[in-house]
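Asks: Read off the chains here:
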Amino acid sequence: MKRPFRSLYLALIYLFLYIPIGTLIVYSFNNAVFSMLWHGFTLNWYAQVLQDSNLWIAVWHSLYLAISATTTALFIGTLAAISLYRYQFRGKNMLQGLLFVIIITPDIVMGIALLILFSLSGLSLGFWSLYIAHVTFCIPFVVVIVYSRAKSIDPNIFAAASDLGASELQTFWHIIVPILLPALISGALLCFALSFDDIVISYFVSGPGFEILPIKIFSLARLGVNVELNALCSLLFGLTLILVCLSQWVTRQKKT
Amino acid sequence: MTNKFQYFSVGLITTWLCIFGLLSFLVMVVMSFLQHDPDHIALWHFTLQNYEDLFNPIFFKIFLKSFYIAFMVTAACLLLGYPFAYIISRLPERLQNTALLLLLLPFWTSSIVRTYAMMSILKTKGLLNTALLSMGIIHEPLQLLFTNTAVGIGLIYNLLPFMILPIYVNLERFDISLIEAAKDLGAKYTTIFRKVIIPLSVPGIVGGCTLVFLPAMTLFFISDLLGGAKALLLGNLIEDQFLMANNWPRGAATSVLLTVIMAIGLLIYWFKSNKRINYEAAI
Numbered sequence: 001m002k003r004p005f006r007s008l009y010l011a012l013i014y015l016f017l018y019i020p021i022g023t024l025i026v027y028s029f030n031n032a033v034f035s036m037l038w039h040g041f042t043l044n045w046y047a048q049v050l051q052d053s054n055l056w057i058a059v060w061h062s063l064y065l066a067i068s069a070t071t072t073a074l075f076i077g078t079l080a081a082i083s084l085y086r087y088q089f090r091g092k093n094m095l096q097g098l099l100f101v102i103i104i105t106p107d108i109v110m111g112i113a114l115l116i117l118f119s120l121s122g123l124s125l126g127f128w129s130l131y132i133a134h135v136t137f138c139i140p141f142v143v144v145i146v147y148s149r150a151k152s153i154d155p156n157i158f159a160a161a162s163d164l165g166a167s168e169l170q171t172f173w174h175i176i177v178p179i180l181l182p183a184l185i186s187g188a189l190l191c192f193a194l195s196f197d198d199i200v201i202s203y204f205v206s207g208p209g210f211e212i213l214p215i216k217i218f219s220l221a222r223l224g225v226n227v228e229l230n231a232l233c234s235l236l237f238g239l240t241l242i243l244v245c246l247s248q249w250v251t252r253q254k255k256t
Numbered sequence: 001m002t003n004k005f006q007y008f009s010v011g012l013i014t015t016w017l018c019i020f021g022l023l024s025f026l027v028m029v030v031m032s033f034l035q036h037d038p039d040h041i042a043l044w045h046f047t048l049q050n051y052e053d054l055f056n057p058i059f060f061k062i063f064l065k066s067f068y069i070a071f072m073v074t075a076a077c078l079l080l081g082y083p084f085a086y087i088i089s090r091l092p093e094r095l096q097n098t099a100l101l102l103l104l105l106p107f108w109t110s111s112i113v114r115t116y117a118m119m120s121i122l123k124t125k126g127l128l129n130t131a132l133l134s135m136g137i138i139h140e141p142l143q144l145l146f147t148n149t150a151v152g153i154g155l156i157y158n159l160l161p162f163m164i165l166p167i168y169v170n171l172e173r174f175d176i177s178l179i180e181a182a183k184d185l186g187a188k189y190t191t192i193f194r195k196v197i198i199p200l201s202v203p204g205i206v207g208g209c210t211l212v213f214l215p216a217m218t219l220f221f222i223s224d225l226l227g228g229a230k231a232l233l234l235g236n237l238i239e240d241q242f243l244m245a246n247n248w249p250r251g252a253a254t255s256v257l258l259t260v261i262m263a264i265g266l267l268i269y270w271f272k273s274n275k276r277i278n279y280e281a282a283i
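Protein chains in written order, with my numbering: chain B, 1 to 256; chain G, 1 to 283.
These are calculated hints, taken from the structure and not from any lab test. Hints may be right or wrong, so weigh each one.
As the list claims (entries may be wrong) - Across the chosen pairs, the derived CB separations fall in these ranges: (1) B:Leu43 <-> G:Cys18: 46 to 56 Å; (2) B:Ala11 <-> G:Ser134: 17 to 27 Å; (3) B:Gln248 <-> G:Gly11: 30 to 40 Å.
We treat Cβ as the ideally placed atom computed from N, Cα and C, and that holds for glycine.
Pulled out of the complex, with its shape left as it was, chain G reads as follows (with noise of 0.2 Å):
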């Protein structure tokens, strides 16, 4: 009983991800080395065309781009998220609970209708444009939305409990008594905070800057919501070559490199946080 209690769910498991995990992955690196053609999905011809063609300057500039704005999205995240997940861990344990449960309620809620949120937020006629209007901060609406700076406020929006949820799980277990130590030592608030909470919570800030960085060149519907040109995202890129210029095989190639790009900042966490990854840690 045991066994066959045993090899069916690790069977029924198993089998599940490996045809829909892995082989389908497998797929994708196969067609991305497949030659293109209108007609079909692909013509069956190995080819390097397809990562080539991503060092042409037009995709090479959207890779640019994407890149830049992941990177200040980031940056930003980083920024308001540290301080944020830092006060948190320092509060009671009762508020701490609270405090998060306040941080991830609106992130329950569809991503597509926080974004929607945010349009109506941004539009000419929206709650931003009126309140600066009637402050008599501005004279005459600003153009918000459509704009880069729109998709970059509504990706922070979207990504930033992903930067503040590693930070605080590394800080709140903290040893507090290193903080003390140093005290004792001497050092000032901002020596302790330069030379011991910062370094100590390295492997947090990796985590958390990977899973906002990848997300914000991906979001593709963020951008096609609030955004003004075309392909402003590494997402868009993919998200054209699938559903309007029907390029399959360059789409995959898209889509490799992208994995390569998160495997790098998985390979950059796991040195880093200087164990295997735990498991638990895992979400």
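Pulled out of the complex, with its shape left as it was, chain B reads as follows (with noise of 0.2 Å):
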């Protein structure tokens, strides 16, 4: 293939990839309600966006969702990688098993799955259902991530530190904890996009009390296209462009 040709081809692909999104955005801005042509540039869509009350509640319920499910994700699932790349034990083969499994499963398994357990357990669907559904989905990409960090430790750091004295809780704190806050951080960023973002397995387990941003949008986006939604997923867009824009700040970070 000739150079000319191959970046065409990169290009199209790319203008395949973003002209919906643009679209979306600059006509977040266009002073009509159903028309494409241009009628001027106006921030009502905005402002109407900031004065739906219910649109915050299911904004803030995301938020709130998303920041519980990360935190507990995080924890489990950095105490599972360290266990993994540190100790031999029985079940090992059978955790890593598990764990490949629950990332390629689809989406909609997964949620039904849960759905059956949750109905037959009792447990009424709510923040606690969709909290649990999360936090499994995200803990095995946690442990990836933090697991590929941890195999570049020197193991010699544990010897050096047992031989200073240090206890496990320490050598935890004081060694592990700093050597692999950058994956903690990729990992949480990811964790929350997970959470933030997941549409399929949110939609089986979530009930009419507690109403999180992404199942608001799939029913608003139902009763057609309109412009306070254009404006709403602009502003999503652009969270999303913040948090991979502090995603690679870590990165480098990480490098230097």
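Using the supplied hints, reconstruct the complex from the two chains, each of which is provided in its own coordinate frame.
Replies: Quick look at the structure:
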């Protein structure tokens, strides 16, 4: 393949990926409700979004859920990754297999499996069901990210620490955690994004009492394209951009 | 202390995953063998009816349709994604990272947002129709939204990176001297591509196809938003059984079937890559 042809091909694929989102953002500033023609710049739709209290409740629920699920998944996943790295124990292969299977299981299967489990155990659908589901699908990603960073640790460090009289807990806090910090941050960002964006699993395990943003957007989008939704989705894309820049910045820090 | 720390952390994750991963899955399998009862979740009565139901013409048709759409979407992703992955893998390293970041950026945002964005492109007064009309290519707006084509485009839009990434990872580790050797031996570029590059990237291709094919059957919200017909994908069928028809055992049976399809895909991947699946390669 010739070079100009290659660049053209890349450009076309990128256009395919970016045109829909670009259009969404541009038209969120368009002063017309239905038309695709340009009727002048407006911030009305953003003002509407900001005033829609139902929407803000859903945003708050989503944030609250994402932060709690991320914290828990980070805690469980990091401990697990360190154990997988440092110790040999019975059932280690089974645990790794289980983590792998959870990563590749189609979301819908996990969603309904949890729905059945929750209904049979009498847990009503709401915050807790969502929280458990989100922690469950986040854990494997934390383990994979933290584990691959942990593998780069020189094992002699542990011998040195225990020679100097450090307890296991001291080794954990003063040696392992600081080394793993970049992995912990990128793990946390990934969990947050996964949890904040999840729709398929949440769709099955959420209840009417605790509405979260993706489900809210889904039900609004079912009614058709509307300008307020354009503004909201553009805001979300902006948030994503910030998160990605943040994680890039963290990785850059790691290298220096 | 060593033991306490180890027991605590291993115990914690094992308990969590066994209850919410393994147990929930087993409960689903059990559910798929129970009898449907409109007043309760299910009757405690063993039956194979739910699996027989899946071969009932109505459901079987949905399967075939869903398979067909997933197949077309996978093929389209492969055709679009392979050259893309190949070109990127041959760029200088700095550019590679930028190219990948640009590829993944839209995918950090919610898939529901992306699907919604696609809606506003495809609708009757959307960007595509407006552009085609003003260029004089068409004279009446095309009905794009609420068609199977729209669902296909939406799925491709959402799943393309899942095809590109495994192939890219595969091609990026590719030993360039193999190509030089083939050139030295007088192979033409097309021959090199057919006989060297493609066969060696089979693990990536199989991995990508598995990652695209499964979601292409299950992402029900894409066909809910972009498609017209009611139950188009296997995912819609499951959604309906749980939330509309309230036939949980049948929905569970459909999910079990889906899991079996996934297992088959994995086995193929396993044999094709000729080694145990690399733990780090999981994502």
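Asks: Next step is simple, just say for each hint if it's right about the structure.
Replies: Hints, one by one, checked against the model:
1. B:Leu43 <-> G:Cys18: 46 to 56 Å: Holds - the Cβ-Cβ distance for Leu43 of chain B and Cys18 of chain G, about 51 Å, lies within 46 to 56 Å.
2. B:Ala11 <-> G:Ser134: 17 to 27 Å: Roughly 22 Å apart at Cβ, these two residues keep to the hinted range, so it holds.
3. B:Gln248 <-> G:Gly11: 30 to 40 Å: 36 Å, holds
Of the numbered hints given earlier, the model fails none.
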